[in-house]
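K.L.:
Residue strings, one per chain:
Number of protein chains: 2
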Amino acid sequence: MAKQLTSRKENYSQWYNDLVVKADLAENSAVRGSMVIKPYGYAIWEKMQSVLDTMFKETGHQNAYFPLFIPKSFFSKEASHVEGFAKECAVVTHYRLKNDKDGNIVVDEDAKLEEELIVRPTSETIIWDTYRKWIQSYRDLPVLVNQWANVVRWEMRTRLFLRTAEFLWQEGHTAHSTEAEALEEAEKMVGVYADFAEQFMGVPVLQGIKSPNERFAGAIETYCIEALMQDGKALQAGTSHFLGQNFAKAFDVKYVTRENKQEYVWATSWGVSTRLIGALIMAHSDDNGLVLPPKIAPIQVVIVPIFKGKEQLELISEKVDGIVKELKARNISVKFDDRDTHKPGFKFAEWELKGVPVRLAIGPRDIENGTVEVARRDTLEKESLQITNIGEKIDNLLVQIQDNIFQKALSYREDNTYNVDTWDEFKSRVEKGGFVRAHWDGTSETEKLIKDKTKATIRVIPIDEPLEEGKCIFTGNSSKQRVVFAKSY
Amino acid sequence: MAKQLTSRKENYSQWYNDLVVKADLAENSAVRGSMVIKPYGYAIWEKMQSVLDTMFKETGHQNAYFPLFIPKSFFSKEASHVEGFAKECAVVTHYRLKNDKDGNIVVDEDAKLEEELIVRPTSETIIWDTYRKWIQSYRDLPVLVNQWANVVRWEMRTRLFLRTAEFLWQEGHTAHSTEAEALEEAEKMVGVYADFAEQFMGVPVLQGIKSPNERFAGAIETYCIEALMQDGKALQAGTSHFLGQNFAKAFDVKYVTRENKQEYVWATSWGVSTRLIGALIMAHSDDNGLVLPPKIAPIQVVIVPIFKGKEQLELISEKVDGIVKELKARNISVKFDDRDTHKPGFKFAEWELKGVPVRLAIGPRDIENGTVEVARRDTLEKESLQITNIGEKIDNLLVQIQDNIFQKALSYREDNTYNVDTWDEFKSRVEKGGFVRAHWDGTSETEKLIKDKTKATIRVIPIDEPLEEGKCIFTGNSSKQRVVFAKSY
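So the sequences go chain by chain: A and B.
Per my numbering, residue 1 is the first one in the first sequence, and the count goes up by one each step.
Per my numbering, residue 1 is the first one in the second sequence, and the count goes up by one each step.
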């Protein structure tokens, strides 16, 4: 048990960092702010990618790939976008190194670029520059494209998965002939994200829109999903933007309508990133390590043999072969950990740390009795089961675990969501953590003042709730609905 | 037929460029040397990725992700590597832009990096810097990791897919406790590439090693696969490097052996890139457009209805629904092109251009007769078939097409491979194109002189052939085997 974690109570932030490193998910690299995603962490990302990619294709999208570099001048074309993105970014200025007279490798000043290139922080500009060539007529619309890519934002304070200079993500970029169709697309895709978070990651999310302060730079409306972490802080898990005609106007993308008129094209963009892995960790994990929902776990079942000597291991392995076949036939991913370099107790702790949903342990007595010990990662409960029909039993158990992980997170969120109507209660509630539903007068000024005084921001303005008359928690001015405040990652 | 191509005979290079652009595979972007991979081109890449990724996992590899940026000093640590890679590269020097006094966006000189960052041209250095932390003992070995990523090499003359500043690839990086194991890995992976090229892409390849002149910068031995294009030029389609202990020494990666001694770790690296799409195009396509092998085709079967008016289309669509279900049940990807904006002739030409292996056409007379017209893209042959058991018939046809495409390319290569024993014949043969098998005295000087005089390089030194005494084609010095010369991409 060399890899023990700091407990969540003791130091939540340290617990998170310990867990990410000790569970072999990621680590800091030699490049400031850039992480190495280790094989086990990357396997989780691959599971997420695979599910999301299927969902995108089922909703009519195709993948494509656009350049990593964006000419500096492109950022100036959409006024609010440049403010949001072009400032803290990696700038390529030269294209050659050379040996100086002392033999050191230095930048070759003769190889200076005429126009600097920005390493993409997001790709709206280069993509809309391309769409100008793709779109002439209503027949060319809609364009429904997604890109899986790396992006770079020069962050000063970084945390593994949650905020890194380089991260992996997908960015959807769609072009439409009408405002209504683009709005529908933006709403549809935030819905896809919500389904993914809840049904696969087991993370309940609030859906809604952002206040102007929190909107994407260049968007008319930003839809989002927000999740509540175990320390009571909110985490924005995905966003979908209705961009209006902003980028079409900036990059002169027009189409000829059925009525033979020239119109600007309507746009959306939407993305989720490796940040989701951070959300997954903080939503479910405990002081023993990761707790992975079965649908996202790279290994769903691990089998640990309890044996002394080769003969016993062979006897057990024979039995395990049958179990492995039965599980694989049901598309359950299973690992038989037959290393003879480590003891069962070490293996139990390691797979607990790595969040494998189900652990089977099988020893000589189990062989005699036709049993196997089944341990659930989510509840840490153990029971002895007959091996007969073990495939079906594990299949059912995985469904139960997936459901239980979601229900537990949902109960946590419900227990930590508060309707608050006075400023004093608001301040103390926000300080303790949780989603705080309060009235707000709708102005950016008030939102900023509240943020200055409490660090809380409006995480989401619900869109599917009945309106409710009330008075702003801060100014007392009239309000038509509660919005959700919280401190956030 | 607005999209007609230049013919191969007329101008092979123009034919290639036309085809890439008109078949919607890729196009040049606003960023010099960087391409946009369009959805249809990217779908081919996704098919390739999916097959290769499965092959890598079946051979025990896991995916991970390492930083895009590499500190400049890392390149200086392996002497020959820096010569090969660090010269023509994208250099990040600053991390912020700002508005100048005229409101223009300029680089903020206060945000200059202490050490410049290089956008990875290949990742050996950053990965071996990481492996130092991962590897302490023989128990940590082997490390079998692959990365799917973008890389940048500042190329002056670029061609879509074949040579671009930014491209997509995979790079495997493995670490081993013995030289023998690393050599075995390097050979195994070039074998995986050869299987992929021949069995999936339908492209026959020569396997062997590179001469020192053509070796990867930092490798002890470079294994490669080489394919012959229809213009008689060779294309290097994949390489696998035995790196010895070069990078372990440069980055101080040692391990403790079973005997408790400290040893440097042995390394390999191997990669294929979006260049494979260029190889696929040039190996099989014709003057009508792409010819895709079924195993790599994003769409394997397209169905075009021949109809006048809605009623006929509905009648045909009903029949087509059944065919589509039958094909999908066999995992055949199928598209029903029921657009009413284009005529059948236009559609035929479009899908021919895009290389869909099988086209079905179905009109009112076919409905009456229970038939369908089946056209093969590879031979352009057509026949009328009974619809009964159409799934099985198409399945068999796709197998035939896959095989025929490979056999055709193999015959072409055999017809264009020559044993040559005199310098005059060598010069004229190389000029005409093809693989030229000739004796070589084994020196880099001779290879360079031959290249200067003929533009031909040694594409591959065969490793599985019996040795044969002979005299060098250029110097007349003694030689123990024929090597394969060609002009190349």
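Hints in this document: simulated from the structure, not taken from any laboratory.
Errors might be hidden in some of the hints.
One copy or any two copies: either way a pair holds, since identical chains are not told apart in the list.
Said to hold, decoys possible - With a straight-line cut-off of 30 Å between C-alpha atoms, the simulated DSS-like cross-links for lysine-lysine are:
1) Lys319 to Lys9
2) Lys310 to Lys382
3) Lys133 to Lys87
4) Lys47 to Lys133
5) Lys98 to Lys112
6) Lys347 to Lys9
7) Lys77 to Lys101
8) Lys448 to Lys47
9) Lys47 to Lys295
10) Lys471 to Lys408
11) Lys57 to Lys295
12) Lys310 to Lys261
13) Lys57 to Lys47
K.L.:
Evaluate Lys310 and Lys382 at a C-alpha cut-off of 30 Å and name the case that applies: within, between, both or neither.
P.N.:
within (27 Å within a copy, 64 Å between copies)
K.L.:
Could you place Lys47 and Lys295 in one of the four classes (within, between, both, neither) given a Cα distance threshold of 30 Å?
P.N.:
This pair counts as both: shortest intra-copy Cα distance 8 Å, inter-copy 24 Å.
K.L.:
Classify it for me, Lys47 with Lys133: is the Cα-Cα distance of at most 30 Å met within a copy, between copies, both or neither?
P.N.:
Intra 35 Å, inter 26 Å, cutoff 30 Å: inter-copy only.
K.L.:
Since the copies are identical, ignore which copy is meant and state whether Lys310 and Lys261 lie within 30 Å (CA to CA) inside a copy, between copies, both or neither.
P.N.:
Between. Shortest inter-copy distance 28 Å satisfies the 30 Å Cα cut-off; intra-copy 80 Å does not.
K.L.:
At most 30 Å between C-alpha atoms: does Lys448 with Lys47 qualify within a copy, between copies, both, or neither?
P.N.:
neither (39 Å within a copy, 49 Å between copies)
K.L.:
With identical chains, the pair Lys471 and Lys408 could be close in the same copy or across copies; at 30 Å between alpha carbons, which is it: within, between, both, or neither?
P.N.:
neither (33 Å within a copy, 78 Å between copies)
K.L.:
State whether the alpha carbon distance between Lys57 and Lys295 is at most 30 Å within one copy, between copies, both, or neither.
P.N.:
both (19 Å within a copy, 20 Å between copies)
K.L.:
Checking Lys319 and Lys9: alpha-carbon separation at most 30 Å within a copy, between copies, both or neither?
P.N.:
neither (42 Å within a copy, 65 Å between copies)
K.L.:
At 30 Å max between alpha carbons, let me know whether Lys133 reaches Lys87 within a copy, between copies, both or neither.
P.N.:
For Lys133 and Lys87, the Cα distance is within 30 Å only inside one copy (28 Å; across copies 34 Å).
K.L.:
When Cα atoms must be at most 30 Å apart, do Lys98 and Lys112 count as within-copy, between-copy, both, or neither?
P.N.:
Cα proximity of Lys98 and Lys112: in one copy and across copies (13 Å, 19 Å).
K.L.:
If the cutoff is 30 Å on CA atoms, where do Lys77 and Lys101 land: within, between, both or neither? Let me know, please.
P.N.:
between (42 Å within a copy, 18 Å between copies)
K.L.:
Regarding Lys347 and Lys9, is the shortest C-alpha distance of 30 Å or less found within a copy, between copies, in both, or in neither?
P.N.:
within (26 Å within a copy, 65 Å between copies)
Checked against the numbered hints above, the structure violates hints 1, 8, 10; every other hint is satisfied.
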